[in-house]
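2 protein chains.
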Amino acid sequence: MQTELSRKLGIQHAIFGFTPFPAVAAALTRAGGFGVLGAVRYGSRDELARDLDWLDEHTDSLPYGLDVVMPAKKVDGVTEADVEAMIPEGHRAYVRETLEKHGVPELPEGESGGWRITGWMEEVARGQLDVAFEHPVKLLANALGPPPPDVVERAHRHGIPVAALAGSARHAQRHQEAGIDIVVAQGYEAGGHTGEIATMVLTPEVVRAVDPLPVLAAGGIGSGEQIAAALALGAQGAWLGSLWLTTTEARLQSRALTRKLLAAGSGDTVRSRALTGKPARQLRTAWTDAWEADESPGTLPMPLQGLLVAEANARIQRFEVEPLLGTPVGQIVGAMDSERSVQAVVDDLTRGFESALTRLNRTAG
Amino acid sequence: MQTELSRKLGIQHAIFGFTPFPAVAAALTRAGGFGVLGAVRYGSRDELARDLDWLDEHTDSLPYGLDVVMPAKKVDGVTEADVEAMIPEGHRAYVRETLEKHGVPELPEGESGGWRITGWMEEVARGQLDVAFEHPVKLLANALGPPPPDVVERAHRHGIPVAALAGSARHAQRHQEAGIDIVVAQGYEAGGHTGEIATMVLTPEVVRAVDPLPVLAAGGIGSGEQIAAALALGAQGAWLGSLWLTTTEARLQSRALTRKLLAAGSGDTVRSRALTGKPARQLRTAWTDAWEADESPGTLPMPLQGLLVAEANARIQRFEVEPLLGTPVGQIVGAMDSERSVQAVVDDLTRGFESALTRLNRTAG
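Residue numbers (numbering that gives the first Met the number 0), protein chains in the order written: chain A, 0 to 364; chain B, 0 to 364.
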């Protein structure tokens, strides 16, 4: 499946894959798609540099991208400690009680609390960009609206197109005004941060709003038939995130989580603020339920909520406490029912696309 | 656009239109689609008989259908008065206060309170069926799950296929077991009663679940591109409801409501229990907001809520009290920005379908 955009980017299939795992990104790129590595979990520049070096060695000079999280609005001089100090004690107590209720052990002495807020701080994201520009990154994506103007300019000087996620036509237009090159229209059914407009409605709306910018459709896409639907809606490609979580190349911290993903139905996700403070679709668990319960103190705004629950999530994952164990994932989790290689997934996507097209052509005339 | 199902039903385009307006149903059928008249607003058999007679005269012997609301579970001997008595006084007071706050006048002496619960009672629905079977109805649809087994049998004896709406694969399978012939998979973004699963995910899931039954996709469909997407997902046609509300053949009670629909964006709807007690997507208004407010007593379960607010809705519509004025409608309301004839809409749908197909074929290979 080739579109104007996929031709321009020199890839074989208009399939873009967002993933926190270098092995998945590399495998997708080698399979003819466009692997995009999520940088948010990297605290240190060295770690990211090492993984990008690895990507360079495993992508046969084919294109890959990097997804950073960089708010366009900069807050000067605010440290992680400043943000920590803004968290009410009642919220900390609720986290402690919920973990105790489910018997979640403490982390062993010296083990890190896992994901911290650091990846969300502009300073860190800028450091990641320095690393990115020293590698042959072919696409820069930004999950939190458009990146700051100077970053867009810097990417363009390197000849790197910039993509940004949007959950509404208005957001997409704002991105366009900020000079970005590709809009990822992310529908309600997607995993992670989402708005309320479903992909079926959002995609054509965004395509119209930012014409002639190319649009990728995200949310609810896990089969070739769904890619055909996305292209029918005017997208120039599909942006998939959830589907890779159960590939053999993915490195989830927990086997129990993989089993939960394989068993989950499309109705087993929830849009919850429990993870970051903004609505993000994820597996529904006893943890997300706890934040909806009558006794819940309510979630805090971003970035406080993420900082509040970071260590708790690390403990839940570390000890595989099943009722609480979750991950951001979209409604297509219902169709993720076997572990396969990225190549097998891509073969399946292209086959499904061809068969949808054949079926559609039979309806014409 | 022709599918196995549309050929079988003898229509030119696989476009099914649900509408409370006989003039819309007739125009869609004449334009080569399949008009389906909603029967819920008919209190008396005579009124329905008169409108079906009119349809017979205005459809050139082409097929049309009837949509009834008949719960499969029967509650014997329960009258409307019994249900009325179950409504708490606090809820009645909240309705009165909200109407007063917005200065909504009383209905003139002798004017009816509009839509009542009657259409929801099995007795009434059965009376409507008697009328339907005296007319050349070519499809019987049921909005509340599968109709009772004897009704399915009776329809089949008349050679009439039965369709039922489903918001999940599990519901769809239950319908299949009840002997229905067509499943309408209605996604989250649809107007009226909806579940949480978006059309992009729901359609292929239902197609797989009830194979080989034909599936119509509903929710988020208002253009030919979206119909192409639905067929790519495996649907044998599209079921559209919202789009007809702003056609010139529609007879909304209020011009102000038409203006609101034309002005609304895709983000201006809400899934609310305010109308019937079950989540139904509709325009977001001061009325739906009132049921979400801190001082709200909360909505009542179906059918109590519908009965509670029936007269209030009639008054709001009668006097066009703009802040409160709403209607069930899907997220595609954002694309409904001009009043056109049903024929012009259908022409647009078929053109959009062809252009989506051309675009898709260019991506193949």
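Worth flagging that the hints you see were computed from the coordinates, not collected in a lab. Glycine included, C-beta positions come from ideal geometry on N, C-alpha and C. Be a bit skeptical, because a hint or two may be false.
[Said to hold, decoys possible] Straight-line distance between alpha carbons at most 25 angstroms, and here's what the computed DMTMM-like set of lysine to aspartate or glutamate pairs gives: (1) A:Lys277 with B:Glu195; (2) A:Lys277 with B:Glu83; (3) B:Lys277 with B:Glu83; (4) A:Lys277 with A:Asp267; (5) B:Lys277 with A:Asp267; (6) A:Lys277 with A:Glu152; (7) B:Lys100 with B:Asp81; (8) A:Lys277 with A:Asp293; (9) A:Lys277 with B:Asp347; (10) B:Lys7 with B:Glu152; (11) B:Lys277 with A:Asp288; (12) A:Lys100 with A:Glu321; (13) B:Lys277 with B:Asp81; (14) B:Lys277 with B:Glu294; (15) B:Lys277 with A:Asp180; (16) A:Lys277 with B:Asp81; (17) B:Lys277 with B:Asp293; (18) A:Lys7 with A:Asp346; (19) A:Lys100 with A:Asp81; (20) A:Lys7 with A:Asp288; (21) A:Lys7 with A:Glu121; (22) A:Lys277 with B:Asp45; (23) B:Lys277 with A:Glu321; (24) A:Lys7 with A:Glu176; (25) B:Lys277 with A:Asp293; (26) A:Lys7 with A:Glu152; (27) B:Lys7 with B:Glu291; (28) B:Lys100 with B:Glu353; (29) B:Lys7 with B:Asp267.
[Unchecked claim] Reference listing, derived: stretches of chain A covered by chain B, where coverage requires no fewer than 3 residues with Cβ under 8 angstroms from a Cβ of chain B: (30) 81 to 93; (31) 246 to 253.
These are the hints, each one checked on the structure:
no.	hint	in the structure
1	A:Lys277 with B:Glu195	19 angstroms, holds
2	A:Lys277 with B:Glu83	41 angstroms, violated
3	B:Lys277 with B:Glu83	18 angstroms, holds
4	A:Lys277 with A:Asp267	19 angstroms, holds
5	B:Lys277 with A:Asp267	20 angstroms, holds
6	A:Lys277 with A:Glu152	28 angstroms, violated
7	B:Lys100 with B:Asp81	30 angstroms, violated
8	A:Lys277 with A:Asp293	20 angstroms, holds
9	A:Lys277 with B:Asp347	38 angstroms, violated
10	B:Lys7 with B:Glu152	20 angstroms, holds
11	B:Lys277 with A:Asp288	21 angstroms, holds
12	A:Lys100 with A:Glu321	13 angstroms, holds
13	B:Lys277 with B:Asp81	20 angstroms, holds
14	B:Lys277 with B:Glu294	20 angstroms, holds
15	B:Lys277 with A:Asp180	42 angstroms, violated
16	A:Lys277 with B:Asp81	45 angstroms, violated
17	B:Lys277 with B:Asp293	20 angstroms, holds
18	A:Lys7 with A:Asp346	22 angstroms, holds
19	A:Lys100 with A:Asp81	30 angstroms, violated
20	A:Lys7 with A:Asp288	45 angstroms, violated
21	A:Lys7 with A:Glu121	30 angstroms, violated
22	A:Lys277 with B:Asp45	53 angstroms, violated
23	B:Lys277 with A:Glu321	32 angstroms, violated
24	A:Lys7 with A:Glu176	22 angstroms, holds
25	B:Lys277 with A:Asp293	22 angstroms, holds
26	A:Lys7 with A:Glu152	20 angstroms, holds
27	B:Lys7 with B:Glu291	46 angstroms, violated
28	B:Lys100 with B:Glu353	50 angstroms, violated
29	B:Lys7 with B:Asp267	38 angstroms, violated
30	81 to 93	violated (count 0)
31	246 to 253	violated (count 0)
Violated hints for the displayed structure, listed by number in ascending order: 2, 6, 7, 9, 15, 16, 19, 20, 21, 22, 23, 27, 28, 29, 30, 31.
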